[in-house]
Amino acid sequence: MGTIQEKPSVASSSSVGSTVVNEIRQTPILALIIFVPVVILLERFSPEAHTLLFVMSVLAIIPLAALLSRATEAVAAKTGDAVGGLLNATLGNLTELVISLAALQAGQYLLVKASIAGAIVTNTLFMLGGAFLFGGLKYHLQEFNRINARFQACLLFLATIAVLVPSLISQVDQPPALAVSQKLSLGLAIILIVVYALGMLFSLRTHRELFASVSHAEEHEKLWPVKLSIVMLVVVTLLVALVSEIFVGSVQVAAEQLGMTPAFVGFIVVALVGAAAEMTTAFSAARANRLDLSVGVALGSAVQIALFVAPILVLVSYFIGPEPMTLQFWRGAVTMMVVAAMAAALLSNGGRGAWYAGVMALALYAIFAFTLFVLPPATPS
Amino acid sequence: MGTIQEKPSVASSSSVGSTVVNEIRQTPILALIIFVPVVILLERFSPEAHTLLFVMSVLAIIPLAALLSRATEAVAAKTGDAVGGLLNATLGNLTELVISLAALQAGQYLLVKASIAGAIVTNTLFMLGGAFLFGGLKYHLQEFNRINARFQACLLFLATIAVLVPSLISQVDQPPALAVSQKLSLGLAIILIVVYALGMLFSLRTHRELFASVSHAEEHEKLWPVKLSIVMLVVVTLLVALVSEIFVGSVQVAAEQLGMTPAFVGFIVVALVGAAAEMTTAFSAARANRLDLSVGVALGSAVQIALFVAPILVLVSYFIGPEPMTLQFWRGAVTMMVVAAMAAALLSNGGRGAWYAGVMALALYAIFAFTLFVLPPATPS
Amino acid sequence: MGTIQEKPSVASSSSVGSTVVNEIRQTPILALIIFVPVVILLERFSPEAHTLLFVMSVLAIIPLAALLSRATEAVAAKTGDAVGGLLNATLGNLTELVISLAALQAGQYLLVKASIAGAIVTNTLFMLGGAFLFGGLKYHLQEFNRINARFQACLLFLATIAVLVPSLISQVDQPPALAVSQKLSLGLAIILIVVYALGMLFSLRTHRELFASVSHAEEHEKLWPVKLSIVMLVVVTLLVALVSEIFVGSVQVAAEQLGMTPAFVGFIVVALVGAAAEMTTAFSAARANRLDLSVGVALGSAVQIALFVAPILVLVSYFIGPEPMTLQFWRGAVTMMVVAAMAAALLSNGGRGAWYAGVMALALYAIFAFTLFVLPPATPS
Numbered sequence: 001m002g003t004i005q006e007k008p009s010v011a012s013s014s015s016v017g018s019t020v021v022n023e024i025r026q027t028p029i030l031a032l033i034i035f036v037p038v039v040i041l042l043e044r045f046s047p048e049a050h051t052l053l054f055v056m057s058v059l060a061i062i063p064l065a066a067l068l069s070r071a072t073e074a075v076a077a078k079t080g081d082a083v084g085g086l087l088n089a090t091l092g093n094l095t096e097l098v099i100s101l102a103a104l105q106a107g108q109y110l111l112v113k114a115s116i117a118g119a120i121v122t123n124t125l126f127m128l129g130g131a132f133l134f135g136g137l138k139y140h141l142q143e144f145n146r147i148n149a150r151f152q153a154c155l156l157f158l159a160t161i162a163v164l165v166p167s168l169i170s171q172v173d174q175p176p177a178l179a180v181s182q183k184l185s186l187g188l189a190i191i192l193i194v195v196y197a198l199g200m201l202f203s204l205r206t207h208r209e210l211f212a213s214v215s216h217a218e219e220h221e222k223l224w225p226v227k228l229s230i231v232m233l234v235v236v237t238l239l240v241a242l243v244s245e246i247f248v249g250s251v252q253v254a255a256e257q258l259g260m261t262p263a264f265v266g267f268i269v270v271a272l273v274g275a276a277a278e279m280t281t282a283f284s285a286a287r288a289n290r291l292d293l294s295v296g297v298a299l300g301s302a303v304q305i306a307l308f309v310a311p312i313l314v315l316v317s318y319f320i321g322p323e324p325m326t327l328q329f330w331r332g333a334v335t336m337m338v339v340a341a342m343a344a345a346l347l348s349n350g351g352r353g354a355w356y357a358g359v360m361a362l363a364l365y366a367i368f369a370f371t372l373f374v375l376p377p378a379t380p381s
Numbered sequence: 001m002g003t004i005q006e007k008p009s010v011a012s013s014s015s016v017g018s019t020v021v022n023e024i025r026q027t028p029i030l031a032l033i034i035f036v037p038v039v040i041l042l043e044r045f046s047p048e049a050h051t052l053l054f055v056m057s058v059l060a061i062i063p064l065a066a067l068l069s070r071a072t073e074a075v076a077a078k079t080g081d082a083v084g085g086l087l088n089a090t091l092g093n094l095t096e097l098v099i100s101l102a103a104l105q106a107g108q109y110l111l112v113k114a115s116i117a118g119a120i121v122t123n124t125l126f127m128l129g130g131a132f133l134f135g136g137l138k139y140h141l142q143e144f145n146r147i148n149a150r151f152q153a154c155l156l157f158l159a160t161i162a163v164l165v166p167s168l169i170s171q172v173d174q175p176p177a178l179a180v181s182q183k184l185s186l187g188l189a190i191i192l193i194v195v196y197a198l199g200m201l202f203s204l205r206t207h208r209e210l211f212a213s214v215s216h217a218e219e220h221e222k223l224w225p226v227k228l229s230i231v232m233l234v235v236v237t238l239l240v241a242l243v244s245e246i247f248v249g250s251v252q253v254a255a256e257q258l259g260m261t262p263a264f265v266g267f268i269v270v271a272l273v274g275a276a277a278e279m280t281t282a283f284s285a286a287r288a289n290r291l292d293l294s295v296g297v298a299l300g301s302a303v304q305i306a307l308f309v310a311p312i313l314v315l316v317s318y319f320i321g322p323e324p325m326t327l328q329f330w331r332g333a334v335t336m337m338v339v340a341a342m343a344a345a346l347l348s349n350g351g352r353g354a355w356y357a358g359v360m361a362l363a364l365y366a367i368f369a370f371t372l373f374v375l376p377p378a379t380p381s
Numbered sequence: 001m002g003t004i005q006e007k008p009s010v011a012s013s014s015s016v017g018s019t020v021v022n023e024i025r026q027t028p029i030l031a032l033i034i035f036v037p038v039v040i041l042l043e044r045f046s047p048e049a050h051t052l053l054f055v056m057s058v059l060a061i062i063p064l065a066a067l068l069s070r071a072t073e074a075v076a077a078k079t080g081d082a083v084g085g086l087l088n089a090t091l092g093n094l095t096e097l098v099i100s101l102a103a104l105q106a107g108q109y110l111l112v113k114a115s116i117a118g119a120i121v122t123n124t125l126f127m128l129g130g131a132f133l134f135g136g137l138k139y140h141l142q143e144f145n146r147i148n149a150r151f152q153a154c155l156l157f158l159a160t161i162a163v164l165v166p167s168l169i170s171q172v173d174q175p176p177a178l179a180v181s182q183k184l185s186l187g188l189a190i191i192l193i194v195v196y197a198l199g200m201l202f203s204l205r206t207h208r209e210l211f212a213s214v215s216h217a218e219e220h221e222k223l224w225p226v227k228l229s230i231v232m233l234v235v236v237t238l239l240v241a242l243v244s245e246i247f248v249g250s251v252q253v254a255a256e257q258l259g260m261t262p263a264f265v266g267f268i269v270v271a272l273v274g275a276a277a278e279m280t281t282a283f284s285a286a287r288a289n290r291l292d293l294s295v296g297v298a299l300g301s302a303v304q305i306a307l308f309v310a311p312i313l314v315l316v317s318y319f320i321g322p323e324p325m326t327l328q329f330w331r332g333a334v335t336m337m338v339v340a341a342m343a344a345a346l347l348s349n350g351g352r353g354a355w356y357a358g359v360m361a362l363a364l365y366a367i368f369a370f371t372l373f374v375l376p377p378a379t380p381s
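Residue numbers (full-length UniProt numbering), protein chains in the order written: chain A, 1 to 381; chain B, 1 to 381; chain C, 1 to 381.
Calculated directly from the structure, the hints in this document are not laboratory data.
Remember, predicted model here, so these are calculated numbers, not experimental data.
Keep in mind that the hints are not guaranteed to be accurate.
[What the hints assert, rightly or not] Here chain B is said to cover these stretches of chain A; the calculated rule only asks that three of the stretch's residues, wherever they fall, bring their Cβ under 8 Å from a Cβ of chain B: (1) 177-185; (2) 294-307; (3) 324-336; (4) 350-357.
[As the list claims (entries may be wrong)] Residues of chain B placed beyond 12 Å of chain A at every Cβ, according to the derived structure: (5) Val38; (6) Gly130; (7) Glu209; (8) Ala369.
All C-beta atoms, glycine included, are put in the ideal place defined by N, C-alpha and C.
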């Protein structure tokens, strides 16, 4: 075991390259990696081709997200359960975090918030629904660990409530001063991070036996060597950051030209792109009758966005960006998040999956996506 | 079997009459059928007696709804499971559909929407609550198939969310143009009908064993011969259409004179009248300790209204009526539907019924009815 | 048994004193009783020291609430199950009732409503969460009677919906006349009290076996003799009334000086003070691995406030106070109550407790408390 682990530790850049080539052979989605240099070059030579830049940056982020996800898993698996859990928990949504940071720096708060809300809804409804559907088309009924599912659904409910509070206030007759709203958001962000940290303590340490089957399932995958993974983590994160900047710079003009509202782009496009990697995992796990893993990835990712990524962005916004970001979402986004959390609770309550559960979740997602596409949503503050 | 089925196939109008007389003897409610000719004659000779016409048309619809329900069941039972399920699913709420179509044609969108929302709430809270109460007064605890109940509760939740989305939008600062709202409603209607169709595929075909006990229970009833049933279906539907037109024409003036708001009439009176037949079934099944059937009828009917009747009305409104109808409900109606769906989920979650569960559902219904009675609701667009 | 019961029936005032001294030795919280005479004297000599009066009256109410709770339990236990249940149900939140009556008489409807909403939220989230946390830190997993927990969660849901209805209406474009709102609140109050009475019939009579373990647990405590208890009940209630009046008289000015909004005081401070006694019970029961009792006390108390205390206050407001009180709460309070009811349903659904369930409930409470502290809430009508 140890020797196998040692060999790739002399990983040079050529070894990184060969690993990438191998990966591409296995997962065709990685072929999209060609768009990374293309979009970077294009941005240099024709920075005004917004729609093309937008489309290409979207295509370029998908394989990068997949690589990032593989690298994180590998590092997490090698560093032992506690540190590994921590790594997975902090880096699991690194793509979303990097994209959001780029948008934050550009002062595009609407895009940041739409992508947070969209990631929660997409992970809960689209990823979970897709897993139920794909798994259910192959297996008549699938069992999963309902304790973990319920735990995640509870956390999600809690997080959406926290996000609901400042948004609720903004609808009161005289909206609160921005300063009040910022103070409130800062406090909520800290509470959410503490709850998230304690949740990891609970699920990874004190009550890990309750969450057993989920973590077991992950061990079956073939992982990259650890040093290579770390190199990949750093390199790919930088690439994501680079492409994200191009994406954020082009999204507004491109969206207009493509006839999409900024909310639709953030809510649906960014969310689907950012979650592409996890989706591959969740769907293929469902096809392999490991619905436990699918549910864990889908709900766990949504919880991580709500309880970790969103609060981190609030905290970081005090250091980068024109002014502190609040947790004040527009009304429609709050409704969608709350509904998604309730749907997750309903669907995961029984501990069994069937194809029609997937249809219901996907229909809810289709309703939201269609609504966002059809109408100009209210602009939040 | 075949010979028994053949005999009534020579059903003449006199045979229809004798069947009706037999039915009336068994179910006294059918004696109200006398009001059908009465109200039709009255409308001819004194079309201005609105209050009288209103009361009599309500009384005339009740026995017609009961006959329609019996005829549909008979046809459905004889045509085999798949077609039968389809028939039951499409014709199960024929009374509500015909009344709503009459209102739609008259351009009374407020009445249509109130009766949709009211039917959902009435079926969920009043019919389910009544079944729990009546059954619970006779039996200490009653078990029912919680898989079916949960399935229906999930569908109901989904449908109320779909209905919530356009209503939510109308409360945004600048309400969307009617065209946007219509486009949105059309899309949602199509999604809902697809989900409904797939739901039938799931519960009647691919996973029918999960819903076993409910369909079994229905077989015990004595059914009409099939050809007679078809004749009855056509004749009674025409009568319902005729009476509904009188009802819709008289309701507004009558409601004013009786001190009721139009919303109360649509929400409570029309809903109770339209569901009278199913209610008889649901209550007597509960008394016979077949709570499975009661829950199936109550929730199934609510789901059918939400996922089938309402979207069909939206689609039909493009062909009849002054302008396309939207799925935009007034805020109070949306709240009541969502609450009813959540209450259904809570009450059906345990898979056991007791009299107090009925009291809670009925109390919720009483709260809604009293609220609608006391105050003038906000008028929707 | 009978003889033991007879002895203390000659309870003189000195015996009352010695019982009090004994109690103080066992429960140190009772030492705060010293503040009762102090605050009464202070109010006589310097009625303008609002902040001091506020703090001292809060400190004085805590031991009185504890004594009241002990006395009620003792009387209830001795008078047999039916009458005892009735007594517990009516006097269980006597402290909150007396404080609210004092506020009602002073016309401080905002304080009354905030303390009702706050008591529901505090009992559900803080008391239940604390019990889960304290119990969970000692025991890995704790089981409890989920039937009772679900029953209470359902009742709570029903009550919060009832409370939501008039509040919803007030947000309609043209708010209803006060007369309409009062009529509605009166009707709702009567419905809620009937539901509450039937709930007692259900849980104490017809289906008492379902609620078995909860009532068993309570028998283990050492109770006071019945006549002493009755004397205590009367005396302590009078003292609470006296101190409450001082509290209500000083709270507004004191809150301003302490930088707290009236809503925060009512919602958090009054609720925590009023529930101090039950909290001691709930927390120590959880530490003794009797989570059944904790859940019963926490949810039962919340249900009692919602279905009994609040409606009673509406009815009483027709006789004391400047004008009839409505059940119209401000929007934030309604949201918090609904969220608390949903959280109770989620947390109690599994029938098992662990420390992290407590963390989630307490985090939700912290979010609400922090929000109320940070911003001036919308003033209700």
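Original post:
Which hint numbers does the structure go against, in order from smallest to largest?
Top reply: 1, 2 and 7
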